[in-house]
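Peer 1: Here is how the chains run, residue by residue.
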Amino acid sequence: MMDISTDDQTGKITKVIMKNDTVIEVKDLVKKFGDRTVLNGVNLEVKRGETFVIMGGSGCGKSTLLRHMIGNIKPNSGRVSLLGEDITDLYGSDLDTVRKKIGMSFQSSALFDSMTVFENVSLPLREHTKLESSVIDIMVKMKLELVGLRGFERLMPSELSGGMKKRVGLARAIAMDPEIIFYDEPTAGLDPIVASIIDKLIIDLSKKLSITSVVVTHDMKSVMAIADRVAMLYEGKVLQVGTVEEIKGSKSEMVQQFINGDYDGPIRFFQQKDDYLEKLMQ
Amino acid sequence: MEINKEEKNGILTFRVKGDIDITSSPDVKKYFDTALTDKNTRIVISLKEVEYVDSSGLATLVEVLKRIRTLSGQMKLSDLSEKVKSLFEITKLDRLFDIV
Amino acid sequence: MENPVASIGKVVINLARHTSSILVLFFNTIQWIVIGPFKGKTASRQSIFQQMVFAGVQSVIIVFFISFFTGIVIAMQSAYQLKQLGAIIYVAPMVSVSMARELGPVFTALVVAGRVGSAITAELGTMKVSEQIESLETLAIDPVRFLVVPRFLALLVMVPCLTIISDIVGVLGGLIVGVFSLKINMYRYFAFSFDLLAWKDIWTGLVKSGVFGVVIAMISCYVGLDTRGGAEGVGKATTVSVVSSFILIILFDCLLTGLFFFSNM
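Chains as they are written, first to last, in the working numbering: chain A, 1 to 282; chain P, 1 to 100; chain D, 1 to 265.
Rather than coming from a laboratory, the hints here were simulated on the basis of the structure.
The C-beta atom is built at its ideal place from N, Cα and C for all residues, glycine as well.
Incorrect hints may appear among the rest.
To be verified - Here are the computed lysine to any residue pairs in the SDA-like style, where the Cα-Cα straight-line distance is at most 20 Å:
| id | chain 1 | residue 1 | chain 2 | residue 2 |
| --- | --- | --- | --- | --- |
| 1 | A | K208 | P | Y52 |
| 2 | D | K39 | A | G92 |
| 3 | P | K30 | P | K8 |
| 4 | A | K32 | A | G59 |
| 5 | A | K47 | A | G92 |
| 6 | A | K47 | A | V241 |
| 7 | P | K30 | A | G92 |
| 8 | A | K208 | P | K92 |
| 9 | D | K41 | A | L123 |
| 10 | P | K66 | A | D86 |
| 11 | A | K130 | P | K92 |
| 12 | D | K39 | A | D96 |
| 13 | A | K100 | D | G36 |
| 14 | A | K101 | P | S24 |
| 15 | A | K200 | A | V241 |
| 16 | A | K141 | P | S46 |
As the list claims (entries may be wrong) - From the structure, some residues in chain A lie toward chain D, with a derived Cβ separation under 7 Å:
| id | residue |
| --- | --- |
| 17 | I70 |
| 18 | N72 |
| 19 | D96 |
| 20 | R99 |
| 21 | K100 |
| 22 | S108 |
| 23 | A110 |
| 24 | P124 |
| 25 | E127 |
| 26 | Y234 |
What the hints assert, rightly or not - Only some residues are given here: those of chain A computed to face chain P with a beta carbon under 7 Å:
| id | residue |
| --- | --- |
| 27 | E45 |
| 28 | V98 |
| 29 | T129 |
| 30 | K130 |
| 31 | S134 |
Model the full structure from these sequences, guided by the hints.
Peer 2: Okay, structure coming up:
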């Protein structure tokens with residue numbers, strides 16, 4: 001495991017240095033749902049070509065942050081720019097122009113279950129381009145080959161396993177040759193082998209097609225395998241940003257607790273320990 | 001995007017200028033649909049002035065190759081930049097095309 | 001217990017919020033239908049066709065049965081009254097006029113709301129809770145254009161078409177009673193059915209049914225796209241969609257009938 005990740009590290013760091021421009025910039029992002037503050041002043045920058053991982057516990061706001069980056073959720077304050085365009089106040093067709101340059105892989109795959117695998121993958125091409133259907137046919141075959149699912153074109157999503165759905169979702173996300181792919185919990189709910197296949201795929205896509213990847217996950221094994229840089233999110237704030245090595249060597253107890261998956265530490269899941277007995281006796 | 005046609009010793013050379021991407025691919029496809037009608041043609045497509053080919057461009061070139069084969073002609077790709085060449089390698093299309 | 005005034009206030013505020021959202025969705029839909037073609041962005045013909053088959057063609061059998069029996073029932077009920085006046089022949093226009101003006105449009109709309117509206121809400125609701133709607137947005141595909149417009153157009157066209165079928169079948173149902181039980185001559189029955197049936201009876205009925213089609217489409221799509229909370233949410237949304245469609249169909253029926261009545265149409 002270790003060897004692979006260091007190998008990838010060296011390979012990818014050179015790539016990052018080659019193209020050092022910022023493709024996503026998040027500034028002082030604040031988002032509240034009712035009284036609950038989900039994001040509390042998040043600042044981040046993602047560079048072209050890198051694989052950027054946002055990790056943190058369940059409910060720390062990482063999926064919400066991801067949805068801000070693609071403009072699906074609007075912040076209470078702060079700014080988001082995507083591929084050089086400030087998307088904070090963009091709606092409708094203006095936002096769609098930017099969205100055509102990105103791809104998103106959803107936690108639940110979000111395949112359209114009334115459509116076949118072919119129709120799912122070809123949908124953005126049929127909707128947004130003037131390409132002839134014979135050309136689209138070939139493109140879909142190429143995309144499915146990349147995710148290792150060629151020959152499954154005629155199946156419906158209900159006939160696929162969880163890992164296969166994820167890969168079809170990925171093929172659909174890369175249909176338009178996006179500059180950035182966003183992954184929401186790509187390995188959640190998959191068995192370890194399928195999870196490694198997905199990790200390998202994320203690495204392949206980012207390396208082969210030099211696509212920028214932004215991954216939200218709490219799967220540490222996956223983080224070690226794919227990340228160029230990691231941001232640790234806790235209670236709506238970024239605790240630390242750094243390479244995998246830097247995060248591993250972090251002095252922050254919270255980061256260490258998360259990496260090691262310790263039960264005991266500064267991150268508490270049982271906050272009101274002391275008044276438990278009193279509450280029972282009320 | 002621009003394509004120039006040139007004939008020399010019975011070989012048609014097409015020089016493509018500009019990226020072959022999702023916006024220009026439909027035009028490239030149309031151009032070759034009208035340009036290639038005769039049987040037994042031998043063509044070379046020069047990608048010297050092409051910086052980037054996306055997957056719709058690759059698919060379009062596959063379509064052109066299919067057309068040439070049904071016309072029992074021959075097709076070569078020439079002057080690929082390193083970057084474009086690697087795009088063919090990733091998609092395993094370097095094994096399909098005659099790249100010189 | 002909550003203050004009753006406060007809870008009534010809450011209901012009113014919610015109602016106002018939903019109503020304005022539905023109007024926004026309605027104008028958005030109209031905008032795509034009217035302006036969309038000029039921008040080269042329309043709903044695909046294939047999906048409009050699919051929705052038409054689902055909403056229209058596959059509803060024909062159920063509309064047929066309901067209208068046929070309704071025709072029989074009106075014929076029998078009105079015969080019971082008209083017999084006492086010795087005007088049994090008026091059973092024929094009684095059936096044809098009430099089918100065309102009222103029962104054809106309303107019963108068809110109720111059938112479509114129950115069969116098609118519920119299915120639309122369940123489908124869109126499931127898409128909403130399983131991230132498929134968000135996925136469409138991320139693929140830069142407008143859910144209103146892609147999902148609402150085809151359903152809207154299909155219902156706008158197919159509900160009046162089904163109503164025409166319903167009118168005809170209702171008259172046939174009445175005819176069965178008239179000819180076999182009341183012993184009215186078939187040609188006379190037909191002649192009376194249509195002699196007293198004015199064009200306005202037919203077109204006001206069809207205008208109504210077009211409005212009902214729009215109501216069903218807007219309610220079922222809005223409630224579907226507004227679904228929250230997993231499988232349970234989809235179930236609730238479907239119920240809400242059907243119940244509110246029923247209420248609004250009757251409400252609009254009342255309003256339109258009033259409009260036609262007081263404007264002497």
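Peer 1: Confirm or reject each hint.
Peer 2: Now for the hints, and whether the structure bears them out:
no.	hint	verdict
1	A/K208 / P/Y52	holds, 14 Å
2	D/K39 / A/G92	holds, 14 Å
3	P/K30 / P/K8	violated, 23 Å
4	A/K32 / A/G59	holds, 13 Å
5	A/K47 / A/G92	violated, 26 Å
6	A/K47 / A/V241	holds, 13 Å
7	P/K30 / A/G92	violated, 32 Å
8	A/K208 / P/K92	holds, 12 Å
9	D/K41 / A/L123	holds, 14 Å
10	P/K66 / A/D86	violated, 43 Å
11	A/K130 / P/K92	violated, 25 Å
12	D/K39 / A/D96	holds, 14 Å
13	A/K100 / D/G36	holds, 19 Å
14	A/K101 / P/S24	holds, 16 Å
15	A/K200 / A/V241	violated, 23 Å
16	A/K141 / P/S46	violated, 25 Å
17	I70	holds, 6 Å
18	N72	holds, 6 Å
19	D96	holds, 4 Å
20	R99	holds, 4 Å
21	K100	holds, 5 Å
22	S108	holds, 5 Å
23	A110	holds, 4 Å
24	P124	holds, 5 Å
25	E127	holds, 5 Å
26	Y234	violated, 25 Å
27	E45	violated, 25 Å
28	V98	violated, 15 Å
29	T129	holds, 5 Å
30	K130	holds, 4 Å
31	S134	holds, 6 Å
The structure fails hints 3, 5, 7, 10, 11, 15, 16, 26, 27, 28 (numbered hints given earlier, in ascending order).
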